[in-house]
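Number of protein chains: 4
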Amino acid sequence: MLKTLRFQMKLKAKLDCATFVFDIDGVLTDGTFIYDDTGKVMKRFGPHDSEAAKLIGAFFPLHFITADARGFNITQKRVSDMGFEAILLSPRERQVFVEELMLQNKAVVFIGDSLSDIPAMQSAYLSACPSDAMKDVKKEANLSLSTAGGRGVVAEVYSIVKYCTRGVNRFAKF
Amino acid sequence: MLKTLRFQMKLKAKLDCATFVFDIDGVLTDGTFIYDDTGKVMKRFGPHDSEAAKLIGAFFPLHFITADARGFNITQKRVSDMGFEAILLSPRERQVFVEELMLQNKAVVFIGDSLSDIPAMQSAYLSACPSDAMKDVKKEANLSLSTAGGRGVVAEVYSIVKYCTRGVNRFAKF
Amino acid sequence: MLKTLRFQMKLKAKLDCATFVFDIDGVLTDGTFIYDDTGKVMKRFGPHDSEAAKLIGAFFPLHFITADARGFNITQKRVSDMGFEAILLSPRERQVFVEELMLQNKAVVFIGDSLSDIPAMQSAYLSACPSDAMKDVKKEANLSLSTAGGRGVVAEVYSIVKYCTRGVNRFAKF
Amino acid sequence: MLKTLRFQMKLKAKLDCATFVFDIDGVLTDGTFIYDDTGKVMKRFGPHDSEAAKLIGAFFPLHFITADARGFNITQKRVSDMGFEAILLSPRERQVFVEELMLQNKAVVFIGDSLSDIPAMQSAYLSACPSDAMKDVKKEANLSLSTAGGRGVVAEVYSIVKYCTRGVNRFAKF
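Chains as they are written, first to last, in our numbering: chain A, 1 to 174; chain B, 1 to 174; chain C, 1 to 174; chain D, 1 to 174.
Hint data in this document are derived by calculation from the structure and do not stem from the laboratory. In this text, all values refer to a predicted model and were calculated from it rather than measured experimentally. Cβ coordinates follow ideal geometry from the N, Cα and C atoms, glycine included. Where hints are given, some of them may not hold.
What the hints assert, rightly or not - Quick list of in silico lysine-lysine cross-link-like pairs, DSS-like style, CA-CA up to 25 Å:
| id | chain 1 | residue 1 | chain 2 | residue 2 |
| --- | --- | --- | --- | --- |
| 1 | D | Lys54 | A | Lys135 |
| 2 | C | Lys173 | D | Lys139 |
| 3 | A | Lys77 | C | Lys40 |
| 4 | D | Lys139 | A | Lys40 |
| 5 | C | Lys162 | D | Lys139 |
| 6 | C | Lys135 | B | Lys10 |
| 7 | A | Lys40 | C | Lys77 |
| 8 | B | Lys77 | A | Lys77 |
What the hints assert, rightly or not - If you want a taste of the chain B side facing chain A, the calculated C-beta under 7 Å gives, among others:
| id | residue |
| --- | --- |
| 9 | Gly26 |
| 10 | Thr32 |
| 11 | Phe33 |
| 12 | Ile34 |
| 13 | Tyr35 |
| 14 | Asp36 |
| 15 | Asp37 |
| 16 | Gly39 |
| 17 | Ile118 |
| 18 | Pro119 |
| 19 | Met134 |
Could you put the whole structure together from the sequences, leaning on the hints where they help?
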């Protein structure tokens with residue numbers, strides 16, 4: 001509860017330069033990979049996120065990143081159907097990516113679920129994770145969401161942002 | 001509890017012109033989309049709904065609508081296997097669709113799960129949503145069902161209607 | 001609790017002629033159907049059931065039935081991988097199937113999950129259903145199992161039978 | 001709680017020769033098999049395990065075994081994407097496999113989920129199972145984990161090992 005309030009206060013303070021970075025596997029998906037005998041062939045994406053991403057993206061910079069090179073074409077197809085572009089970044093590169101955004105005075109809100117997301121979370125202005133993220137990630141994140149990966153994480157982030165933009169003129173139509 | 005009673009009372013009052021409109025993704029499915037590297041390739045439909053839809057459809061007009069143009073062929077295949085036809089309607093068009101039915105003196109019962117369903121819900125005579133619909137949708141709906149999307153939502157609606165038709169001659173065989 | 005005891009007592013009383021009939025969709029699967037744009041293409045079968053079916057089948061007649069004509073080839077593949085054969089029976093035929101076994105003095109234990117299984121359940125000596133069966137089915141069944149469809153229903157039935165065969169010489173190796 | 005403590009103490013006592021053996025179906029997957037009309041075509045692997053396996057494997061011998069001959073190519077693809085090799089062992093052979101490792105003075109930690117894993121568990125130094133393993137397996141295992149199959153079982157084992165290596169010089173970088 002306190003964590004939620006603190007998250008909202010920090011977000012409100014930097015609404016004008018807030019920038020959202022979403023990890024994809026385990027956040028937009030439930031983290032499972034479907035294999036056949038040729039390798040990784042499918043991923044399951046969840047409800048509500050496409051709608052929510054468009055709503056956030058109309059007012060804030062929004063990035064989708066993935067470290068999964070083998071499944072990149074699958075991921076890219078989904079993210080492009082949502083109207084965005086997926087960026088392939090190794091666990092190491094994602095921290096650099098966040099740091100560069102921070103240096104451009106963006107207030108990065110990073111959403112990730114796995115151990116390799118922790119450095120990027122630490123470099124971000126704010127961090128959040130799905131309800132089924134790994135324990136160490138939940139400890140590290142500023143906010144552990146109530147939605148599991150692939151069940152509408154982007155949509156929950158949208159609700160939080162919507163709450164924070166209330167009464168702010170610039171975001172009247174958010 | 002009170003919401004359920006009120007829903008049943010309102011439904012009983014208009015049984016003779018009740019018309020059911022079901023959104024498909026997130027209602028007949030759990031809202032997930034299966035992607036491979038060619039795009040959206042599969043959807044998962046749930047148990048009990050086909051049986052229940054036939055039972056409802058034998059006594060009431062029943063429509064299945066979807067806004068998902070990319071996955072329309074998948075959706076249509078399932079709905080036609082169930083003995084119905086899916087109608088492709090943008091979020092905007094679905095409100096118009098409901099309003100036109102209402103103008104024909106139909107008492108539309110609309111079942112949807114996402115933010116873009118809210119206008120259609122507001123235009124309907126009654127609205128319901130799956131147990132895992134978005135929070136704002138649950139607030140808006142006259143009734144939040146106890147079944148999650150893709151786990152038998154149509155079947156739960158069938159049970160409610162069955163309860164409401166008890167003792168009504170015309171529906172003795174429902 | 002009482003229901004479990006009564007189920008076990010009735011099963012013990014007729015162990016020598018017990019015959020198991022399992023519905024497949026919603027029992028061996030979680031009831032979901034995976035569709036692509038050519039129709040119903042895949043089903044998800046669960047853990048533990050193959051192992052358990054072999055153990056039951058070594059001592060008791062065991063039948064797997066399905067009403068799903070469209071997905072029959074998928075179902076047959078799985079059941080034959082388990083070492084059995086799936087029988088295609090319409091909802092109506094399945095009651096006849098149970099009745100004929102009963103006339104041959106078999107004590108049919110029927111496991112099903114949907115409304116159309118109710119007549120067959122009523123004709124059987126004993127009936128059970130998965131924990132996520134439809135409400136009316138749970139009311140009708142002699143026993144509502146604690147396992148959901150596709151999560152090891154056959155395995156739970158195996159445990160119950162194993163408990164009932166304790167101390168019975170003929171089943172010492174069950 | 002007591003079980004966890006005892007498991008940790010036993011693991012600490014033999015850290016130098018600890019060897020991990022993971023069953024695959026029901027442990028790295030949720031145990032479901034996806035069938036089409038040609039047979040078993042797909043499996044769903046979960047989040048966090050690949051990352052965790054690499055971390056464990058950098059310090060300890062780590063084996064992945066499976067009894068599923070029909071789905072072996074699927075399984076092998078996934079395990080090799082994780083940087084390991086799957087070994088095909090019948091239920092009987094897996095006990096022998098564990099016993100041979102034990103004879104080489106390895107302290108085998110065996111993680112399995114099904115009835116046929118019990119003999120191997122009994123031969124191992126320590127055994128654990130996912131939270132959704134069969135009841136008899138949970139009774140037999142030294143530790144029943146809090147993670148379900150396919151939801152990060154290897155990752156939970158990694159956390160336990162990490163806890164046990166704290167303060168041990170050799171594992172400072174674990």
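Right, here's what the structure says about each hint:
no., hint, verdict
1, D:Lys54 <-> A:Lys135, "holds, 18 Å"
2, C:Lys173 <-> D:Lys139, "holds, 21 Å"
3, A:Lys77 <-> C:Lys40, "holds, 23 Å"
4, D:Lys139 <-> A:Lys40, "violated, 35 Å"
5, C:Lys162 <-> D:Lys139, "holds, 16 Å"
6, C:Lys135 <-> B:Lys10, "holds, 23 Å"
7, A:Lys40 <-> C:Lys77, "holds, 23 Å"
8, B:Lys77 <-> A:Lys77, "holds, 22 Å"
9, Gly26, "holds, 5 Å"
10, Thr32, "holds, 5 Å"
11, Phe33, "holds, 5 Å"
12, Ile34, "holds, 5 Å"
13, Tyr35, "holds, 5 Å"
14, Asp36, "holds, 5 Å"
15, Asp37, "holds, 4 Å"
16, Gly39, "holds, 5 Å"
17, Ile118, "violated, 11 Å"
18, Pro119, "violated, 13 Å"
19, Met134, "holds, 6 Å"
Violation of the numbered hints given earlier is confined to hints 4, 17 and 18; the remaining hints are satisfied by the structure.
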